Amino acid sequence: MILLAVNDVTKHFGPEPVLAGVSFEVRPGERIGLVGPNGTGKSTLLKILIGREDAQGGDVTPHATARVEMLEQQPDFAPGQTVWDEAARGLADLTNLSREAEQVAALLAETSDPAEHDRLAARFDRLQTELHRRDGYVIDHRIERVLDGLGFARASFRQPVAQLSGGQQNRLLLARTLLTAPDVMLLDEPSNHLDIEATEWLEEYLRGCPHAIILVSHDRYFLDRVTNRTLELFHGTVESYTGGYTAYRRQQQERIVVARRTFELQQQEIARLEDFVRRNKYGQKHAQAEDRRKRLERMERVDPPREIPTPTFAFPEVTRSGDIVLRVEHLSKAYDAPLIDDLSFDVLRGQRWGIVGPNGSGKSTLLGCLVGDVAPDAGNVIIGTGVEMAYYDQHLRLLDDDTETVEAVHPGVGDCTLQQRRDLLGRFGITGDMVFQRVSTLSGGERSRAALARLAATAANLLILDEPTNHLDLWAREALETALRKFQGTLIFVSHDRYFLNRMADHLLVWEADRWRVIEGNYDTYHALAEARRIGGAPPQRDTGNDRAAQASAAKKPSAAKSTNDKSSSGKATSGKASSDTRRKRRFPYRKVADIEADIFDREQRLEELHAAFAEPDTHRDGDRVRGIQREIDQLKDALAELYEHWEEASELN
Amino acid sequence: MVKQPKRMAKMTAKLGDGTPQPLEQAVETLKSFNTTKFDQSVEVAMRLGVDDKQADQIVRGSVVLPHGLGKSLRVVVFAKDDLAKAATAAGADEVGAENLAEKIKGGWTDFDVCIAAPNMMGLVGPLGRVLGPRGLMPSPRAGTVTPEIAKTVKEYKAGKVEFRNDKGGNVHAVVGKLSFSSEQLVDNIRAFVDHIHHIKPAAIKGQYVRGLTISATMSPGVRVVTS
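Quick note, the sequences are listed as chains A and B, same order. Using my numbering, the first residue of the first sequence is number 1, and each one after it goes up by one. Using my numbering, the first residue of the second sequence is number 1, and each one after it goes up by one.
To be clear, the hints were calculated from the coordinates, so they are not data collected in a lab. Check each hint, because a few of them may be wrong.
[As the list claims (entries may be wrong)] Computed Cβ-Cβ distance ranges for the label pairs, DEER-style:
{"#": "1", "chain 1": "A", "residue 1": "Asn359", "chain 2": "B", "residue 2": "Lys6", "range": "50 to 60 Å"}
{"#": "2", "chain 1": "B", "residue 1": "Val225", "chain 2": "A", "residue 2": "His611", "range": "35 to 45 Å"}
{"#": "3", "chain 1": "B", "residue 1": "Gly106", "chain 2": "A", "residue 2": "Leu653", "range": "32 to 42 Å"}
[Unchecked claim] If you want a taste of the chain B side facing chain A, the calculated C-beta under 10 Å gives, among others:
{"#": "4", "residue": "Ala55"}
{"#": "5", "residue": "Trp108"}
{"#": "6", "residue": "Met120"}
{"#": "7", "residue": "Met121"}
{"#": "8", "residue": "Gly122"}
{"#": "9", "residue": "Leu123"}
{"#": "10", "residue": "Gly125"}
{"#": "11", "residue": "Arg129"}
{"#": "12", "residue": "Leu131"}
Being a predicted model, the structure only gives us computed values, none of them experimental. Using N, Cα and C, we set each Cβ at its ideal position, and we do this for glycine too.
Based on the sequences and whatever the hints tell you, model everything.
Structural data, given as structure tokens:
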């Protein structure tokens, strides 16, 4: 079944067409990622699909029974509504159905006319069936699930919407759209206001969604995890690819290679034929030349490859700094609540540290402490020898809004000629007259590029970046990654972009369960460790936040960090090999086997009691009790898994 | 992939290639799976060619099984005055009106069947969020909204079974215990299957009954010849 047919849609803003014949179809179960550089008309296309903007040509035909809905960008909450009320608006049709069933039941109770009774009974039955089919009896559970998943605390469910922050209001709009569950859901940057945990929940939710989804996002990890088809919008037309973002990039490269070869071969053939015609137009081979001229006329010309130009970013070569670039000692900082508490770590030359955490966990405060903008309550930040630091803040205060771009990127010290600054801006894709525009007139993406150029102008060997990918499109993000990978200095950055974290970071500083934790690896390593810990099978991750010795030894032996990480991620395999040579070292403190067995017995008994409590029907009527029991079961399982390992070790080594 | 337990693998091996068997033979096969310490329930599952999205293709109702279910159902009744007295006399476990509605609204659902007199539907309607998810909401089509309260209570107590097609177009119901004799089980299953044939919605096109399987609580399903 075709849910939405888009046929030859065109749209002009001024003389240039934004959409020049867009055609595609949407079927049930398709989760489509709509990608393209900034300004290619993705949001315009979505607005045309929903009917909020008119196309100048072509047509958009939804299926007669299909509902198409789009995630609102501007809150339209009625005054006095609570979070719960607004979320429930997404299920308004089911609420109405339920109300109608109640009304029909009430009429059924009052009527004494047999014919009317039969009619109402049939109506009541139909409504019951519909409510059953559409899970209309579990509305509350559905609302709770979505609000929980998007990070709303239960205490905030009855909070008036007027008290929500802008980001929370946008999350509530997303919750409402998800609950509406239309046949075709149009989502424009749905993960923008979500932290990583909520984004992961949203990924899972959308993957389980049976409906069709068209998704605009610059989050490549999100696109990869959610979408099963990609539409590339460029030069006003779309091209369809199967699979998520990574699959799209691979197919796109393959298509470009084939298209370029075909184009070049045809150009060679055209040149050969034209040359023959020119040389033999009036000679003996006139007839052959005429034949080739006609062949040229008839020839179907191949278009040049449809290649989206990728900007090329580049950072200059930097001077070498000392081995220890940054030393953080017992750093503490609190505002209303403690954000950083006794944090210590060393950053070594050439390392790339990513800082990850939910909104409000103190990431930007930590960066502020590192660059000296924020005074810590306790502890020190020691900058290493020969370190030149440059800071990119997410609000781009690095640039003066009222000056020309070419002036704004002046590093402030030393000689930097106009031509050098133009060259520098050119390396970040800002060329031509754009360099003379005031910073305030630049778009978000252009301002980000200018700020990066300003950073490059300082020739710093320690870059501290706060959300550097925020305003960049997919292509600019890739260019930035490539440039930063070639950058020889040290890097500390905060990012919500998991793809960027994966490609850039070799160390992560993660805010987890009320403390900062150091992970040696990238986002995938962290995710795998977190997942293993969740199911109780992972070795406890070393909290290296306060472990100076480990960092220092890593400084002396660059390969040591890698092997430590391997050890923590591959677990038993490594330790098993070691035990063949020498006696295995204890992981756990000495305890008598009998004591451990008694402990295991007690906990197993408690686990059985909890399982029995779970089986009672009364338990299921009390959501808080269910959650409490589940939490205790999870904790017991974790503790038991550790006790089993301890018992094994004790049995072997005591 | 979850590994099949040895016990289940052994029973599945007895089924051979899974070819549908005549009902009597299928019941005998099922009875040979009686390897547990408790008396297992026997279930019938029928795959029907219905579209659950079409209101006129819903298969729902109740049927009295000739040999009962092998257990007593807990029945609550919404009725007043004489009907309430008749329901109590017929063996209803709980009879009431506003007080019963309050109790259920508080989360009490320790019963198997809920029956309502038509004049009580004003009270029962708002209980949809509690009764609906558990499949206990009284319904005229299932015969649980009825003025003949006493008769209905007796039928449920004697072994009436309620059914409704699920989202996949399947209908299933318990039709007895494995301790029943083969003849009793065959009678019950036949009564259920005949009733499903009998209430075939007129709007259905194509094959109506596409598959029939019987199973016990802890046994593999045994396919039965449908024609």
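Hint check:
1. Take A/Asn359 and B/Lys6: their Cβ atoms lie about 52 Å apart, and the range 50 to 60 Å holds.
2. A beta carbon spacing of about 42 Å between B/Val225 and A/His611 agrees with the range 35 to 45 Å that was offered as a hint.
3. Checked against the given bound of 32 to 42 Å, the beta carbons of B/Gly106 and A/Leu653, roughly 56 Å apart, lie outside it.
4. Look at B/Ala55: its Cβ gets to within about 5 Å of chain A, closer than 10 Å, so that hint holds up.
5. For B/Trp108, the shortest C-beta to C-beta distance to chain A is roughly 8 Å, which falls under 10 Å, so the interface hint holds.
6. A distance limit of 10 Å between C-beta atoms decides the matter here; for B/Met120 the minimum to chain A is near 6 Å, and the interface restraint holds.
7. About 4 Å separates the beta-carbon of B/Met121 from the nearest beta-carbon of chain A, less than 10 Å, and the hint is met.
8. With its C-beta approaching chain A no nearer than about 4 Å, B/Gly122 sits inside the 10 Å limit, and its interface hint holds.
9. Because the smallest distance between the Cβ of B/Leu123 and any Cβ of chain A comes to about 8 Å, under 10 Å, the interface hint for this residue holds.
10. For B/Gly125, the shortest C-beta to C-beta distance to chain A is roughly 3 Å, which falls under 10 Å, so the interface hint holds.
11. With a least beta-carbon distance of about 6 Å to chain A, the hint placing B/Arg129 at the interface is held under the 10 Å criterion.
12. With a cut of 10 Å, the hint placing B/Leu131 at the interface with chain A holds, because the nearest CB-to-CB distance is about 8 Å.
Hint check: a violation occurs at hint 3 only; the rest are consistent with the structure.
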